[in-house]
Amino acid sequence: MSEKEEIRLNRLPAITWYWLNMNESEITSEPCDGEAEVSVSVPDGVTESRVRLSENKEVEDLSTQPTGAGAAFSKIFDTAGTEARLYTVPAGLKADKPLKLQFAFADGKNSLDQVALDVQKNAELTLVMDYASDEAASGAAAVQTKFRLGENAVLRIVQITHVGSDFSFVNDMGGKTADNARVEVIQLNLEGQKVYQGYQIDLAGYKSSLKTDIAYRLKGTENLDMNYFANHTGRKTTCDINVSGVLRDTSSKVLRATIDLKKGAKGAVGNEKEDVLLMDEGVRNRTIPLILCTEEDVEGNHGATIGRLDESLMFYLASRGLNREEIYEMMAAARMEAVAAKIPDEETRADVEKYIGTVSED
Amino acid sequence: MGKDKPIVKDIDRSMYDFVKKEDDAYRTEEGLTPEIVLEISKEKNDPEWMRDFRLHSLEEYNRLKLPDWGPSIDGLDMDNIVTYVRPNAKRMVKDWNEVPEDIKDTFERLGIPQAERASLAGVGAQYDSELVYHNVKDEAAEQGVIYTDIESALRGEYADMIRSHFMKLVPPTDHKFAALHGAVWSGGSFVYVPKGVHLDFPLQSYFRLNAKGAGQFEHTLIIVDEGAYLHFIEGCSAPKYNVANLHAGCVELYVGRNATLRYSTIENWSKNMYNLNTKRAVVDEGGKIEWISGSFGSHVSYLYPMSILKGRGARAEFTGVTFAGHGQNLDTGCKMVHSAPDTSSYVSTRSISKDGGISTFRSSVVINKNAKNSKSSVSCQSLMLDDISRSDTIPAMDIRTADADVGHEAKIGRISDDAVFYLMSRGLTEEDARALIVSGFADNVGKELPLEYAVEMNNLIRLEMKGANG
Chain Y
1 MSEKEEIRLN RLPAITWYWL NMNESEITSE PCDGEAEVSV SVPDGVTESR
51 VRLSENKEVE DLSTQPTGAG AAFSKIFDTA GTEARLYTVP AGLKADKPLK
101 LQFAFADGKN SLDQVALDVQ KNAELTLVMD YASDEAASGA AAVQTKFRLG
151 ENAVLRIVQI THVGSDFSFV NDMGGKTADN ARVEVIQLNL EGQKVYQGYQ
201 IDLAGYKSSL KTDIAYRLKG TENLDMNYFA NHTGRKTTCD INVSGVLRDT
251 SSKVLRATID LKKGAKGAVG NEKEDVLLMD EGVRNRTIPL ILCTEEDVEG
301 NHGATIGRLD ESLMFYLASR GLNREEIYEM MAAARMEAVA AKIPDEETRA
351 DVEKYIGTVS ED
Chain F
1 MGKDKPIVKD IDRSMYDFVK KEDDAYRTEE GLTPEIVLEI SKEKNDPEWM
51 RDFRLHSLEE YNRLKLPDWG PSIDGLDMDN IVTYVRPNAK RMVKDWNEVP
101 EDIKDTFERL GIPQAERASL AGVGAQYDSE LVYHNVKDEA AEQGVIYTDI
151 ESALRGEYAD MIRSHFMKLV PPTDHKFAAL HGAVWSGGSF VYVPKGVHLD
201 FPLQSYFRLN AKGAGQFEHT LIIVDEGAYL HFIEGCSAPK YNVANLHAGC
251 VELYVGRNAT LRYSTIENWS KNMYNLNTKR AVVDEGGKIE WISGSFGSHV
301 SYLYPMSILK GRGARAEFTG VTFAGHGQNL DTGCKMVHSA PDTSSYVSTR
351 SISKDGGIST FRSSVVINKN AKNSKSSVSC QSLMLDDISR SDTIPAMDIR
401 TADADVGHEA KIGRISDDAV FYLMSRGLTE EDARALIVSG FADNVGKELP
451 LEYAVEMNNL IRLEMKGANG
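Top line first, the protein sequences correspond to chains Y and F. Take the first sequence: its letter number 191 is residue 191 in the numbering used here, and every next letter is one higher. Take the second sequence: its letter number 448 is residue 448 in the numbering used here, and every next letter is one higher.
Chain Y with its partners taken away, still in its complex shape (with noise of 0.2 Å):
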């Protein structure tokens, strides 16, 4: 990007009334710096290369990828003329450590990323993705993960998110399933003013599947702003969306969920779940779940409370001596740690928990 420019981005598949402000988002998009400061840790055998995604024909299906940002998200990378770090796990190898990308982002800097994975038949992989920036820190950035999963492929990709109190952040997705491939995905949003993430996961594959947590804690001015798109076009496919999450202040959020159950997906399975706790007055919660539906023989669930901490949930933990602060902190907490524990890296799973400030004394 050499100019500014206004892009529109996680765009539900099937809009709705335009007076909800609901159907995308808007960002301007600023000239872009570069990348960002990436330290790398690549397990044993996985292979790491530069390769442009449009260019390199053993990839080229990645490029055309849908994301949650959409299309005209997706096309920043393109004029930018991105390189994507392209990570190969061949096929077979189950990687013992995980795959590590610490992106650093720098005061007052645009940066633009992107990461392309190609996990082969029977693989594994789990990849860690810490996005952080100075407290303080000004700016934008934009990360785009691309994957493509073989035939019993598993991936398990956890991204951490804490940028600085006056930053942008894109944190974009899209990949695609073969035959009981095995996706799972963990978000924990600790910080950052203005965030956007999402996915779209085509679930192609027969018996692929899809499992997400998302957590977060907002607080301040804080907004963040989703578009998950789970697209069921092969039999028998399942996905599991939960997202847990807690608004201070005058914080606001917007969760988009959108299960498509294609034409051809029989026997597919799709269920979201939604936990909001609003904490203080300020706050503003939107959330648009979309079950969209061609086939006959599946099953699609959506279940949402929002509100309060439960008023008889609160007298007990009242009459236990916590003051109505520390209910509310630990309610929030326990949220965070609920989805934290599931990172599957220990280190990381450390590194959260103590962010948090959830670890047990003992």
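The set of hints was computed from the structure by calculation and includes no laboratory data. Where a beta carbon is used, it is the ideal one built from N, C-alpha and C, also for glycine. It is possible that part of the hints are untrue.
Within a straight-line C-alpha distance of at most 25 Å, the following computed BS3-like cross-link-like pairs (lysine-lysine) qualify [as the list claims (entries may be wrong)]: (1) Y:Lys262 to Y:Lys273; (2) Y:Lys266 to F:Lys411; (3) Y:Lys266 to Y:Lys121; (4) Y:Lys219 to F:Lys271; (5) Y:Lys262 to Y:Lys207; (6) F:Lys195 to F:Lys137; (7) F:Lys375 to F:Lys411; (8) Y:Lys273 to Y:Lys207; (9) F:Lys411 to Y:Lys207; (10) Y:Lys57 to Y:Lys121; (11) Y:Lys109 to Y:Lys219; (12) F:Lys65 to F:Lys137; (13) Y:Lys236 to Y:Lys266; (14) Y:Lys75 to Y:Lys109; (15) F:Lys271 to F:Lys176; (16) Y:Lys207 to Y:Lys342; (17) F:Lys42 to F:Lys212; (18) Y:Lys236 to Y:Lys262; (19) Y:Lys236 to F:Lys168; (20) F:Lys369 to F:Lys168; (21) Y:Lys211 to F:Lys411; (22) Y:Lys194 to F:Lys195; (23) Y:Lys121 to Y:Lys100; (24) Y:Lys57 to Y:Lys4; (25) Y:Lys94 to Y:Lys75; (26) F:Lys369 to Y:Lys219; (27) F:Lys411 to Y:Lys263; (28) F:Lys411 to Y:Lys262; (29) Y:Lys4 to Y:Lys94; (30) Y:Lys273 to F:Lys375; (31) F:Lys212 to F:Lys176; (32) F:Lys411 to Y:Lys273; (33) Y:Lys219 to Y:Lys354.
Footprint (simulated), chain Y over chain F, 3 or more residues, beta carbon under 8 Å [stated by the list, open to error]: (34) 184–197; (35) 412–422.
Add chain F to chain Y, keeping to what the hints say.
Same frame as chain Y, but now just chain F:
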């Protein structure tokens, strides 16, 4: 369990799908121009403000864009729609015998006079663009209940009341078809239920569109005063033509303090109809609006009754069932706006898609900052009866206060094999078991209707199940 898969037949519409000769007394040209609007205004003998209102609405109509978020309405060409058709009848009468024979026969076949005798406090019958019959029983009239056509009210003693309420809840700027309605509206009912009056029997308006290629734009305005109760039933049907017909009615409901209004609709327009209807209620302190909605007809529907809870403790319930069959794209749902403390809303809907039909449940729940201690619960369930149909749910929630509790659940699926198995173990055949499950699925609306109407609805849904090679 056998391999044969039951087929769900289409709704039996024979009782609605009969055509009467178009023997109207007057109709405008096709299309929509200032001249046509002025012609309608003159025909209706509008007061000056209404004529100006119509022209302003037309400007809005020309300014506003068509919606791009719902079903396609490409097949609707306003240049081919006749916006006003006056039937060959006297202006509204109160004596059924004065209604012309063919029109009378139409409503008799639809069971309207029988229903009036059996269970209604009053009836209005609209044929094309005009009300041809309107009557309210003495018991209701003696309690001060006003039930009349809106045009009479516009010129009579309620003129000020009409002027201060007409299209105030649904302004012409709301959307393109609200503007269209403002420009060419004709017919409809005005109801006023005085303070403290509890009307034991429902009032009913029935809308019949007989003219090919015409539009119907009736306006319903209901004011239920403090502590009063009303159940209003709306029915509609039309014969099927091979050209597009249009229904762009408007319903505005004012529910007073501690008052309750139940608004029931069984919509069964023919499958060439574009049903672009707007319904809205505003509810004062302690008041309650109950929407009961059955959507079975139309080629395309955009229908989302809105409840604005503006008084402390106001409540809204929406109970709906939508049945989309071959050639139908029914986009239905509701909107709830909480704008006062202690308000609550409850939504329960069922959608059934079959034979290539498309059913979309679309909703919004907005809880504003001042709506402390508000609660909302939304439940939508959809049933897919084959793999050539489509069913979508698009529910939105916008919560702007921490002091609220909102719950939402949605479910899409097919008939459960376990449930069929259980019923078969109790002695039912597979066909009977499936039929029972489908009927029961839509029962959330049926059980809320008066018995006579629930029976009508069940007849309407007459789902014939039969074994077939599946």
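Hints, verified against the model:
no. : hint                 : result
1   : Y:Lys262 to Y:Lys273 : 20 Å, holds
2   : Y:Lys266 to F:Lys411 : 16 Å, holds
3   : Y:Lys266 to Y:Lys121 : 24 Å, holds
4   : Y:Lys219 to F:Lys271 : 52 Å, violated
5   : Y:Lys262 to Y:Lys207 : 14 Å, holds
6   : F:Lys195 to F:Lys137 : 19 Å, holds
7   : F:Lys375 to F:Lys411 : 21 Å, holds
8   : Y:Lys273 to Y:Lys207 : 21 Å, holds
9   : F:Lys411 to Y:Lys207 : 21 Å, holds
10  : Y:Lys57 to Y:Lys121  : 19 Å, holds
11  : Y:Lys109 to Y:Lys219 : 24 Å, holds
12  : F:Lys65 to F:Lys137  : 44 Å, violated
13  : Y:Lys236 to Y:Lys266 : 6 Å, holds
14  : Y:Lys75 to Y:Lys109  : 20 Å, holds
15  : F:Lys271 to F:Lys176 : 22 Å, holds
16  : Y:Lys207 to Y:Lys342 : 23 Å, holds
17  : F:Lys42 to F:Lys212  : 23 Å, holds
18  : Y:Lys236 to Y:Lys262 : 12 Å, holds
19  : Y:Lys236 to F:Lys168 : 51 Å, violated
20  : F:Lys369 to F:Lys168 : 23 Å, holds
21  : Y:Lys211 to F:Lys411 : 19 Å, holds
22  : Y:Lys194 to F:Lys195 : 52 Å, violated
23  : Y:Lys121 to Y:Lys100 : 21 Å, holds
24  : Y:Lys57 to Y:Lys4    : 32 Å, violated
25  : Y:Lys94 to Y:Lys75   : 33 Å, violated
26  : F:Lys369 to Y:Lys219 : 18 Å, holds
27  : F:Lys411 to Y:Lys263 : 17 Å, holds
28  : F:Lys411 to Y:Lys262 : 16 Å, holds
29  : Y:Lys4 to Y:Lys94    : 43 Å, violated
30  : Y:Lys273 to F:Lys375 : 19 Å, holds
31  : F:Lys212 to F:Lys176 : 23 Å, holds
32  : F:Lys411 to Y:Lys273 : 12 Å, holds
33  : Y:Lys219 to Y:Lys354 : 19 Å, holds
34  : 184–197              : violated (count 0)
35  : 412–422              : holds (count 3)
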